Amino acid sequence: MVSISKTGLYSEVLKEVNYKFGNVFIFDGFIISEINEGVSFSWENHAQLIVKDVTDFTKCNGSDLVYLSHRIHSYSVVPIDWLKFFKNSFDIKGYGIIGYSKVSFVNSVIESLFFKKKIRRFTSIESAVHWAKRFDLVEV
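Every letter in the sequence shown is one number past the one before it in this note's numbering, and letter 70, counting from 1, is 73.
Because the hints were derived from the structure by calculation, they are not lab data. For clarity, every value in this text was computed on a predicted model and none was experimentally measured. Errors might be hidden in some of the hints.
[Said to hold, decoys possible] Straight line, CA to CA, 35 Å or less: simulated DSBU-like cross-link-like pairs of lysine-lysine:
id, residue 1, residue 2
1, 121, 55
2, 87, 62
3, 9, 62
4, 121, 87
5, 62, 23
6, 96, 55
7, 120, 23
8, 23, 121
9, 87, 55
10, 120, 87
11, 136, 9
12, 136, 55
13, 121, 9
14, 55, 23
15, 90, 62
16, 121, 18
17, 9, 87
18, 87, 23
19, 90, 120
20, 96, 23
21, 136, 120
22, 136, 90
23, 9, 23
[Said to hold, decoys possible] Label-pair restraints from in silico Cβ distances:
id, residue 1, residue 2, range
24, 127, 77, 15 to 23 Å
25, 91, 4, 28 to 36 Å
26, 14, 79, 12 to 20 Å
27, 133, 17, 16 to 24 Å
28, 87, 9, 19 to 27 Å
29, 90, 130, 28 to 36 Å
30, 40, 124, 31 to 39 Å
31, 48, 129, 26 to 34 Å
32, 77, 31, 27 to 35 Å
33, 16, 55, 12 to 20 Å
34, 124, 12, 13 to 21 Å
35, 52, 122, 17 to 25 Å
Beta carbons: idealized from backbone N, C-alpha and C, even for Gly.
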């Protein structure tokens, strides 16, 4: 459970955005978030800001991006806020969660109730990135 900034993947980062609540790494075709310990991640306080910064940088509404949630810390997500994401005309091509605990995977099941597409779950960042890079080939 190490941050992207301390892996070989970091050399592929196009832009790193640092917030008080966590960090986002923008790659070609996908983004990876690492939210800080104890955060209650919501649309208004967190996701809306990330979406604005990512769409400003990539110049798209997210529909060409895969979002990977790298859960190296324990935090909670307000799952119903996925509805606010879609209500604001944003989209993502795919959503993957890299979790290292049972709690992380239980939380992802709850999120899936509000997320419009399938959520892929991973136990390693390498397998998640491999999936994100090949998304169009493996999800057809």
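Cross-check of the supplied hints:
1. 121 to 55: holds, 24 Å
2. 87 to 62: holds, 20 Å
3. 9 to 62: Within the cut-off at roughly 28 Å; holds.
4. 121 to 87: Between residue 121 and residue 87 the Cα gap is close to 18 Å, so the pair holds against 35 Å.
5. 62 to 23: At roughly 24 Å apart (the allowed maximum being 35 Å), residue 23 and residue 62 satisfy the hint.
6. 96 to 55: holds, 17 Å
7. 120 to 23: Holds. Residue 120 to residue 23 sits at ~29 Å (cutoff 35 Å).
8. 23 to 121: The hint holds at about 29 Å.
9. 87 to 55: The hint holds at about 14 Å.
10. 120 to 87: Roughly 15 Å separates the two Cα atoms, so the pair holds.
11. 136 to 9: This hinted pair holds, its Cα atoms lying about 20 Å apart.
12. 136 to 55: Holds, at about 23 Å.
13. 121 to 9: holds, 29 Å
14. 55 to 23: holds, 16 Å
15. 90 to 62: holds, 19 Å
16. 121 to 18: It holds: about 27 Å lies between the C-alpha atoms, which stays within 35 Å.
17. 9 to 87: holds, 33 Å
18. 87 to 23: Roughly 22 Å separates the two Cα atoms, so the pair holds.
19. 90 to 120: Answer holds: residue 90 to residue 120 is near 15 Å, not above 35 Å.
20. 96 to 23: Between residue 96 and residue 23 the Cα gap is close to 27 Å, so the pair holds against 35 Å.
21. 136 to 120: Distance ~18 Å between residue 136 and residue 120 Cα, so the pair holds.
22. 136 to 90: Distance of about 27 Å is within 35 Å: holds.
23. 9 to 23: holds, 19 Å
24. 127 to 77: 15 to 23 Å: holds, 18 Å
25. 91 to 4: 28 to 36 Å: holds, 32 Å
26. 14 to 79: 12 to 20 Å: Because 32 Å falls outside the window, the suggested range is violated.
27. 133 to 17: 16 to 24 Å: holds, 18 Å
28. 87 to 9: 19 to 27 Å: violated, 32 Å
29. 90 to 130: 28 to 36 Å: Cβ of residue 90 to Cβ of residue 130: about 32 Å, so the range 28 to 36 Å holds.
30. 40 to 124: 31 to 39 Å: violated, 21 Å
31. 48 to 129: 26 to 34 Å: holds, 31 Å
32. 77 to 31: 27 to 35 Å: holds, 30 Å
33. 16 to 55: 12 to 20 Å: With Cβ atoms ~19 Å apart, the hint holds.
34. 124 to 12: 13 to 21 Å: Given about 19 Å between the Cβ atoms, the range holds.
35. 52 to 122: 17 to 25 Å: holds, 22 Å
The earlier numbered hints that this structure contradicts are 26, 28, 30.
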